[in-house]
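**Q** Following the hints, complete the assembly by docking chain B onto the known chain A.
Number of protein chains: 2
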Amino acid sequence: MDAIIQKRLGLKELESKIVTADEAAALISNGDVVGMSGFTRAGDAKVVPMALVERAKNEKFKIDVYTGASLGPEVDKYLAEAGVIRKRGPFQGDAGIRNLINSGDVLYVDAHLSHNAELVRQGIIGPIKHLILEAVAITEDGFIIPTNSVGNSPIFAEYAENIIIELNISHPEALVGIHDIYVPAEQGKREAIPMTDAMQRIGDIGIKVDPAKIKAIVISEEPDAPSLIVPPDEETQTMANILLDFFRDEIKAGRLTKQLMPLQSGVGSVANAVLDGFADSEFEDLVVASEVLQDAVFNLIDAGKVKFAAATSITLTEELQKKVYGNLEKYADKICLRTQEISNHPELIRRLGLISINTALELDIYGNVNSTHVSGTRMMNGIGGSGDFARNARLGIFVTKSYAKGGAISSIVPMVSHVDHTEHDVDVIVTEQGIADLRGLAPKERVPLIIENCAHPDYKEQLWDYYNRAVEATGSHQTPHILEEALSWHVNLAKNKTMKKEVAKA
Amino acid sequence: MDAIIQKRLGLKELESKIVTADEAAALISNGDVVGMSGFTRAGDAKVVPMALVERAKNEKFKIDVYTGASLGPEVDKYLAEAGVIRKRGPFQGDAGIRNLINSGDVLYVDAHLSHNAELVRQGIIGPIKHLILEAVAITEDGFIIPTNSVGNSPIFAEYAENIIIELNISHPEALVGIHDIYVPAEQGKREAIPMTDAMQRIGDIGIKVDPAKIKAIVISEEPDAPSLIVPPDEETQTMANILLDFFRDEIKAGRLTKQLMPLQSGVGSVANAVLDGFADSEFEDLVVASEVLQDAVFNLIDAGKVKFAAATSITLTEELQKKVYGNLEKYADKICLRTQEISNHPELIRRLGLISINTALELDIYGNVNSTHVSGTRMMNGIGGSGDFARNARLGIFVTKSYAKGGAISSIVPMVSHVDHTEHDVDVIVTEQGIADLRGLAPKERVPLIIENCAHPDYKEQLWDYYNRAVEATGSHQTPHILEEALSWHVNLAKNKTMKKEVAKA
Chain A
34 MDAIIQKRLG LKELESKIVT ADEAAALISN GDVVGMSGFT RAGDAKVVPM
84 ALVERAKNEK FKIDVYTGAS LGPEVDKYLA EAGVIRKRGP FQGDAGIRNL
134 INSGDVLYVD AHLSHNAELV RQGIIGPIKH LILEAVAITE DGFIIPTNSV
184 GNSPIFAEYA ENIIIELNIS HPEALVGIHD IYVPAEQGKR EAIPMTDAMQ
234 RIGDIGIKVD PAKIKAIVIS EEPDAPSLIV PPDEETQTMA NILLDFFRDE
284 IKAGRLTKQL MPLQSGVGSV ANAVLDGFAD SEFEDLVVAS EVLQDAVFNL
334 IDAGKVKFAA ATSITLTEEL QKKVYGNLEK YADKICLRTQ EISNHPELIR
384 RLGLISINTA LELDIYGNVN STHVSGTRMM NGIGGSGDFA RNARLGIFVT
434 KSYAKGGAIS SIVPMVSHVD HTEHDVDVIV TEQGIADLRG LAPKERVPLI
484 IENCAHPDYK EQLWDYYNRA VEATGSHQTP HILEEALSWH VNLAKNKTMK
534 KEVAKA
Chain B
34 MDAIIQKRLG LKELESKIVT ADEAAALISN GDVVGMSGFT RAGDAKVVPM
84 ALVERAKNEK FKIDVYTGAS LGPEVDKYLA EAGVIRKRGP FQGDAGIRNL
134 INSGDVLYVD AHLSHNAELV RQGIIGPIKH LILEAVAITE DGFIIPTNSV
184 GNSPIFAEYA ENIIIELNIS HPEALVGIHD IYVPAEQGKR EAIPMTDAMQ
234 RIGDIGIKVD PAKIKAIVIS EEPDAPSLIV PPDEETQTMA NILLDFFRDE
284 IKAGRLTKQL MPLQSGVGSV ANAVLDGFAD SEFEDLVVAS EVLQDAVFNL
334 IDAGKVKFAA ATSITLTEEL QKKVYGNLEK YADKICLRTQ EISNHPELIR
384 RLGLISINTA LELDIYGNVN STHVSGTRMM NGIGGSGDFA RNARLGIFVT
434 KSYAKGGAIS SIVPMVSHVD HTEHDVDVIV TEQGIADLRG LAPKERVPLI
484 IENCAHPDYK EQLWDYYNRA VEATGSHQTP HILEEALSWH VNLAKNKTMK
534 KEVAKA
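Protein chains in written order, with this note's numbering: chain A, 34 to 539; chain B, 34 to 539.
In short, the hints are calculated from the structure, not lab data. Heads up, the beta-carbon is just placed ideally off N, CA and C, and yes, glycines get one too. Only true hints are included.
One-sided and incomplete, this derived list gives chain B residues near chain A with beta-carbon spacing under 8 Å: (1) K120; (2) Y141; (3) G156; (4) A225; (5) R384; (6) R424; (7) H451; (8) D453; (9) A475; (10) Q511; (11) T512; (12) A519.
Computed list of lysine-lysine pairs in DSSO-like fashion (alpha-carbon distance at most 30 Å, straight line): (13) B:K40 x B:K355; (14) B:K291 x A:K222; (15) B:K477 x A:K93; (16) B:K477 x A:K95; (17) B:K340 x A:K222; (18) A:K285 x B:K120; (19) A:K477 x B:K93; (20) A:K222 x B:K285.
Derived DEER-like restraints, expressed as beta-carbon distance ranges: (21) A:D318 x B:D230: 31 to 41 Å; (22) B:R88 x A:E505: 27 to 37 Å; (23) A:Q39 x B:A286: 44 to 54 Å; (24) A:L261 x B:P490: 48 to 58 Å; (25) A:N501 x B:S49: 48 to 58 Å; (26) A:N132 x B:D230: 46 to 56 Å; (27) B:D230 x A:Q292: 33 to 43 Å; (28) B:E315 x A:E505: 53 to 63 Å; (29) B:I38 x A:D278: 49 to 59 Å; (30) B:A286 x A:K90: 31 to 41 Å; (31) A:A245 x B:K340: 39 to 49 Å.
In isolation and in its complexed conformation, chain A is listed as follows:
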C-alpha cells in the first residue's frame, strides 16, 4: 500500500475494506436512500457516484440522494442525467439536475438546511441505507476526518446502516484539526449548545462511528469542482459600498461597533463581492460565522480584517484553493468547519446576533422575498440556509441587482411570484440603486423606501402606479393589492419578454 494511504488510514483494521469504486458502488441497490457528503461543491463524494453512473449504463435503478447542500457535476449532473436519482434534497445548484427537477423527472425537497438533522433523527429522511463520505483521513482513534465540508455527514453517519468512505488523498492532511464536530442529542434530551462566542470550538476533530459500519473504502484523488463565482463588477461593488455605509450609520446610531457582529454571507457572486468590499475599509477584528467560506473570506484574513471564520464548507476558485491549501497551517487557527446543523442553528444565530447577507431573486414592494422560483414555478437552486439566517439574524439583509436580463426584468415587483422570506423576516434590502431599511415599519411605510431607493428607474413609475391604484381599490388595506394584476408583471414577461408595461401595450 502507498505510504500516503497508510498514513491517512490510521485505523489499521480498516485496510481490508479498501475496494474499487465499482465494488463500492455495487453495494447500493435500487430504492436505497443514500446520504452523501458535500456542501456547495466542496467535499462531495465523487468517484463512487461516477461508478454508479457507469453502472446505470447497463442497469435500471433509482436512489434518493440527500446531502449537505449542492454537489459538483458528478452527482448533480452526471448521476442525475443517468436517471438514477428519484428524489433529491435539501439543496442543489447545477443546471443538470435543475432541468430534471423542472421537467418532473426528479423530485426535489427544498428545505431549510438546519432542519435536515432533525428529520434524520425522526426518520422522516431515511432510513438511510448508505452514507458516501469523502474523508481526508481516518485517525488511529477512529475519527473520520471530512475534507473541505462537513454538512450533514455526522448525522448521516450516526443513522446510516452502512458507510462508504472516499479517502481523497488530494486534499492536504493539514485539514486534520480544522473541523469541530458537535452533534446535539435528541430533542427533549438535549443540552443547550455550549457556544457563546462564534470563535469557540465545542466538539471533536472528526466523526466517530462504529468501525463495523464502514463497509468500503475507496481511494480517490478527484479534486472538487471549483467555485463558479464571478469577480465583482461595478454594480456589486456599488452594493458593497452601500452596505458598508449602512454599517457605518449603524455604528453612529450606537447599534453596532467597529467589529460589527459575526457575519454570514450567502453563496454567490454578489455576497462574495460584498464581503470583498471590507478589504479596503476601516472595519477590523471581524468574525465570519457563515455556512460557506468563499474566496473573499480568505482575502480578508490575509488583509488582517477577519480574525476568525467558521462555516460548514470552504468553496474556492481554483487559484485560491491552491494558495490556501499550500498555506493551510497559516489559516488553521483562524478557520473552523462545523456541521450545518450548528452553522445554521437558530439557537446560535439568535444568541450570537449574526448579520446575515443573502441574495434575493426578486422582492416585492412590501418586502417579501423570492429566492428560489423563477416566475413562481421553475426552481433555481433552493432556499438553502437563507431562511435559517434571515429569520434569526440580528440584521437580515437581502441583496439583488434591481434588474435582470438587460432590464427586461425588474427584481422589484408588485407581488413576488413565490415567497421564501416573508415581510416579517426581511430587515434591509440593497440593490445597486440604494438601500431600504425596513426595520420597524408597517407595509405601507416600506413601499416608498423600496420603490424610491431600490427599484430600477425604468420601473419606478410603473410600481407607483400599481401601488397607488391598489391603495385606491382596497381603501388602503394593510397590504394593498389588486389581485387581478398582482402577478401580471410575470405574465407580461412570459408573453412579451419584458415586465415593461408600454411594450405590453404596444
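**A** Using the frame of chain A, we list chain B on its own:
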C-alpha cells in the same frame, strides 16, 4: 389607604406615587412611544388607556402603542377609535382597531412575537417613553408582579424611561409566584438560555426595575375582557380526533411516546377544541409549552392529563376564570408565566422539540399558509407566535376548516393570497375532512394529499383541474402554477361572492 392596597404595595417608598388615572394619563405626550402590558386580552393596562380616551375628547394627540400581543377593547377599540393610536405592534385581535388598520388610519407592524425584545434592545422599537404595566403587587424587595400575562413587559420595563403601574387588586394575590421572568442579555454577550425541560423555572418571580422609574401608580379593579372562544362544534371535534389518531400513529412509528412532546396550541377556538380532545384520550403526563393557556389546558390539568403548563398569558372565559382564580393554589405548582421572548424562543422551541398547532386562514395545494390577510390585503389579526413555533417546532401542524362562509370560500386554494408560513415550515395540515402529512415530500407529492385528504368535496375537482393544467402548462416545473389564474379564486370571490367556478360562469 385600603388594607388591601397596603398589602399589595410592599415597597413603601412608592405609596407617594399613587395618583388618579387622569393624572397618570397626563404624563403621556403627543408623539410618545408607549409600551403596554397585555397579551391575548389578559393582563392589559385598562384604566390609564381609558383616561387617555377621555383626554382625547378635548385634545388632539397621537401615540405609538407596542404590547405583548392583542389587548381588550380599552386600547384596541376605544383608544384606537378615539384616533389616539398612530402606530400599533406587534399583534391585535379587535374589530375596532382592525378596521382602522385596513382603512389606512392606523399603521400596524405585524411581527413575530419572539422578535420584539431584540428590536427593543436595538432601539428599533423605541425609545420607549412610558410603560403602562398592570401588576397584581409590588413586593417589599421591589419585584413588580404582573397579573395574568407577562408578554413584553420585562423588556419594556428595562428600556422605558418611565413606568406607570396599574395596580389591579381584582386579581388574586395568589398570582405571586407563578411568574418566571428571565431576560437574556444583549446579543453576543448572552449565555445559553438555561432551560432543558419545559417544566423548569429559570428566572425571578417578578420584574425588577429602578424604583425611580416608577412615576405613577393607579389603583384599578377593572377585570380583563373575557376570552371570546366558542365551544367545540362537531367539526372542530372531528379535527381533534383526526389529530389524536395522527399522534397515535406517530407513537406506533416510534417517533413519539405517550407523553408526546411539549404542546403549543395557538389562540382561538379550533386550537382550544383540539386540546379539549385530549381529555378523554389515553395520553397522559402531557406538558404544555405555549404562548397562551386557554380553558382547555385547565380542564386537562383537572382531568389529570396535563402535569405542567407554561405560557406567557392565561386567557379564560368568564366562568373558568372564576373557577381558576378561586383555586389558584391548586394550580400554582402546575403553571408558569414567562416572557414571550422565552415562551416563543427559537432556541427553546427547537431544543425541547415542541409540537405546535396553529390556525390557518387559507393554505394552498403546495402547503403554503396564509394566517393573516383576508384575500391578500385585509389584515385579520397578525402572525403572532405562529411563525416562531411552526418554523422551529419538531412538528408544525396547521388546522383550519376546509371551507368558510357556508361553502362560498375554500380554505384550500391554488395559491394563497398572502404567505406567512412557507412550504418549508408546514409539516402537517388538518381540516375536518382529514389530514395531510407533508413531511419529507416534494411540492408535487404534497398536492394529492392536500386535495384528497383536506379539501372540501365541493372544491376537489376544481383544484385538480387547476393543478393538472398547471403541470401541463409548465411542463411539470418544481411548483406548477398558471400565474394568470393563480389568484383567480379570490378574484372570483370578490366579484361573485363565491370561489366556485360554475357560479362564476353562470
